[in-house]
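Residue strings, one per chain:
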Amino acid sequence: MTSFPAILQSEWTKIRSVRSTVWTLALTFVVTLGLGALLSFLTDNNFEQFGENGRTPFDPTGTAFSGIMLGELAIIVFGVLAVGNEYSTGMIRVSLAAVPQRGTLLTAKAVVLGALALAVALVTAFLTFFVGQSLLGDHATTVGAPNVLRAVLGAALYLTMICLFAAGITAMLHNQTLALGVLVPFFFLLSPILSAVPKVKTLARYFPDYAGQRMLLVYQQHGQPYGPWAGFLICLAWTLAALVGGALVLKNRDA
Amino acid sequence: MIELHELTKRYGDTLAVDGLSFQVRRGVVTGFLGPNGAGKSTTMRMILDLDRPTSGRVTIDGKHYGQLSEPLKYIGALLEAKAVHPGRTARDHLRWLAQSNRIPPRRVDEVLGLVGLSPVAGKRSRGFSLGMGQRLGIASALLGDPEIVMFDEPVNGLDPEGILWIRNLMKSLAAEGRTVFVSSHLMSEMALTADHLVVIGRGRLLADLPMPEFIRQNSRSAVRIRTPQVEQLLTALDRAGLRAEAGPAGTYEVVDGDPTRIGELAAAHGVVLHELSPQQASLEEAFMQMTADSVEYHAGDGEGRDAAGAWGATWQPKAPRQEAN
Numbered sequence: 025m026t027s028f029p030a031i032l033q034s035e036w037t038k039i040r041s042v043r044s045t046v047w048t049l050a051l052t053f054v055v056t057l058g059l060g061a062l063l064s065f066l067t068d069n070n071f072e073q074f075g076e077n078g079r080t081p082f083d084p085t086g087t088a089f090s091g092i093m094l095g096e097l098a099i100i101v102f103g104v105l106a107v108g109n110e111y112s113t114g115m116i117r118v119s120l121a122a123v124p125q126r127g128t129l130l131t132a133k134a135v136v137l138g139a140l141a142l143a144v145a146l147v148t149a150f151l152t153f154f155v156g157q158s159l160l161g162d163h164a165t166t167v168g169a170p171n172v173l174r175a176v177l178g179a180a181l182y183l184t185m186i187c188l189f190a191a192g193i194t195a196m197l198h199n200q201t202l203a204l205g206v207l208v209p210f211f212f213l214l215s216p217i218l219s220a221v222p223k224v225k226t227l228a229r230y231f232p233d234y235a236g237q238r239m240l241l242v243y244q245q246h247g248q249p250y251g252p253w254a255g256f257l258i259c260l261a262w263t264l265a266a267l268v269g270g271a272l273v274l275k276n277r278d279a
Numbered sequence: 114m115i116e117l118h119e120l121t122k123r124y125g126d127t128l129a130v131d132g133l134s135f136q137v138r139r140g141v142v143t144g145f146l147g148p149n150g151a152g153k154s155t156t157m158r159m160i161l162d163l164d165r166p167t168s169g170r171v172t173i174d175g176k177h178y179g180q181l182s183e184p185l186k187y188i189g190a191l192l193e194a195k196a197v198h199p200g201r202t203a204r205d206h207l208r209w210l211a212q213s214n215r216i217p218p219r220r221v222d223e224v225l226g227l228v229g230l231s232p233v234a235g236k237r238s239r240g241f242s243l244g245m246g247q248r249l250g251i252a253s254a255l256l257g258d259p260e261i262v263m264f265d266e267p268v269n270g271l272d273p274e275g276i277l278w279i280r281n282l283m284k285s286l287a288a289e290g291r292t293v294f295v296s297s298h299l300m301s302e303m304a305l306t307a308d309h310l311v312v313i314g315r316g317r318l319l320a321d322l323p324m325p326e327f328i329r330q331n332s333r334s335a336v337r338i339r340t341p342q343v344e345q346l347l348t349a350l351d352r353a354g355l356r357a358e359a360g361p362a363g364t365y366e367v368v369d370g371d372p373t374r375i376g377e378l379a380a381a382h383g384v385v386l387h388e389l390s391p392q393q394a395s396l397e398e399a400f401m402q403m404t405a406d407s408v409e410y411h412a413g414d415g416e417g418r419d420a421a422g423a424w425g426a427t428w429q430p431k432a433p434r435q436e437a438n
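Protein chains in written order, with my numbering: chain A, 25 to 279; chain B, 114 to 438.
In short, the hints are calculated from the structure, not lab data. Glycine included, each C-beta is placed from N, C-alpha and C at the ideal position. You may find that some hints are simply not true.
[What the hints assert, rightly or not] Covered, in the sense of this in silico footprint (three residues per stretch, anywhere, with C-beta under 8 Å from a C-beta of chain B), are these stretches of chain A:
(1) 32-42
(2) 112-120
(3) 123-129
[What the hints assert, rightly or not] Under the rule of at most 30 Å between Cα atoms (straight-line distance), these lysine-lysine pairs were calculated in the DSBU-like manner:
(4) A:K275 x B:K176
(5) B:K236 x B:K195
(6) B:K284 x B:K186
(7) B:K284 x B:K176
(8) B:K186 x B:K176
(9) B:K236 x B:K186
(10) B:K195 x A:K275
(11) B:K195 x B:K176
(12) B:K186 x A:K275
Please take these sequences and the hints and turn them into a complete structure.
Written out as structure tokens, the structure reads:
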């Protein structure tokens, strides 16, 4: 058998030797941090207007993570490109000729992709939190406050899982354009719209993005079906399902 | 050695590869010849376990491709030019490939030098010409210093200089004792490089024989004669023991004839000749004739005719045997 560490090293070389990796990951960081910082700054300066209908307690952590939706978009693109560029260039056949164990190849790819995404997501989450808090002035919270550390780590895990989910879907569709065409509308149109429609709403609450975002909440929201840990598990299940689906398609299909 | 045993691939209603059995022997260049769409690329993808056969099997040194540990050290393949991420440099492309099979990193620069890409090793492949892409593909095939190399239509779209380079490369690889398996749809190209020839048409084996044997069987030479005194000439030839056949446009042809002798014979009998020319049927013609049926079927209009052809061909040879039983 081909050695797994060797395949990991090879996948690492693949991922770091193209520019799109750097760009999409840098964009994830910049957009999440930048938008979070801007919203935190604006909130601090206009806190009186915002605070009027304060039925739920003000969530400084959530405010710092206001940009996570756009960061999510960037990291989805990263996940799609990292897998999909092999299909768009025909390189997949070169990869599979070098590593005919298809499941092993996709596993190595997911490990490298996941590790890199997690590293970037952790840095992004913690910096976004601390910069946000520094701009929130008197309204800031600390990382030691109840549930805050969990929410920050949750943000990092959320970005990582969504990235791997996108990678799995891309392997299932074996086409990066198609994968972007499915994932972006799903996360940015379908899921938000469905979660506002009565009845369908119940279903939309088990989508990976809604589930994953429960991990970011410091305070329990009214009418929420489940808590952060259940959200983590649901999002993880989606991610694993997408990766297993991708591996099955890769294994059974002619390359 | 690559061994194919009753290898078959069906895509829906189409049989792309139909019960193909042959061996690619060590240390020679085996040409894999067939018209476009004959199933050459599909066969090569099945050898590499990229496409799964519908039935039959293919082994490399007795093993299924997936059982080879670090397969690039056994068999290197060029399937398509530019199967490379356009934003990755030539060196990085070879580097990940080398790492995956634990090939020493110095080998990357070695093969880059071998294919003449050292000056552009650090350039992103986006700007590469077709020829450069082809060279990079060949560099990846040679990376693991494999015993067997397999090239799918390597000269397609190359300029004369590139064609010559690939031709010489294949000869030198075989001279080093490697097994070279190369596909082409051009007989002329194969005649120049291959020691052994495997011809397929519509996914079926049409010929599997050494190149000299193919040339002997298929090249026909004749002397073409045109004269206003037909009767006199034919009599003279007949007396000399030569047989002339009617050729195109009122000419006559003497198969395997010697132009000098025929010219002298004509002069001795006072026959005026308007033409006396040696004719050589090209290997290209022989190949076209051999694959004519399969090309016809391929370009055929109807499914019915297609199926009838396939059915008739498989049924007929079996019929006498069934009667004998």
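Hints broken by the structure, by number, lowest first?
none
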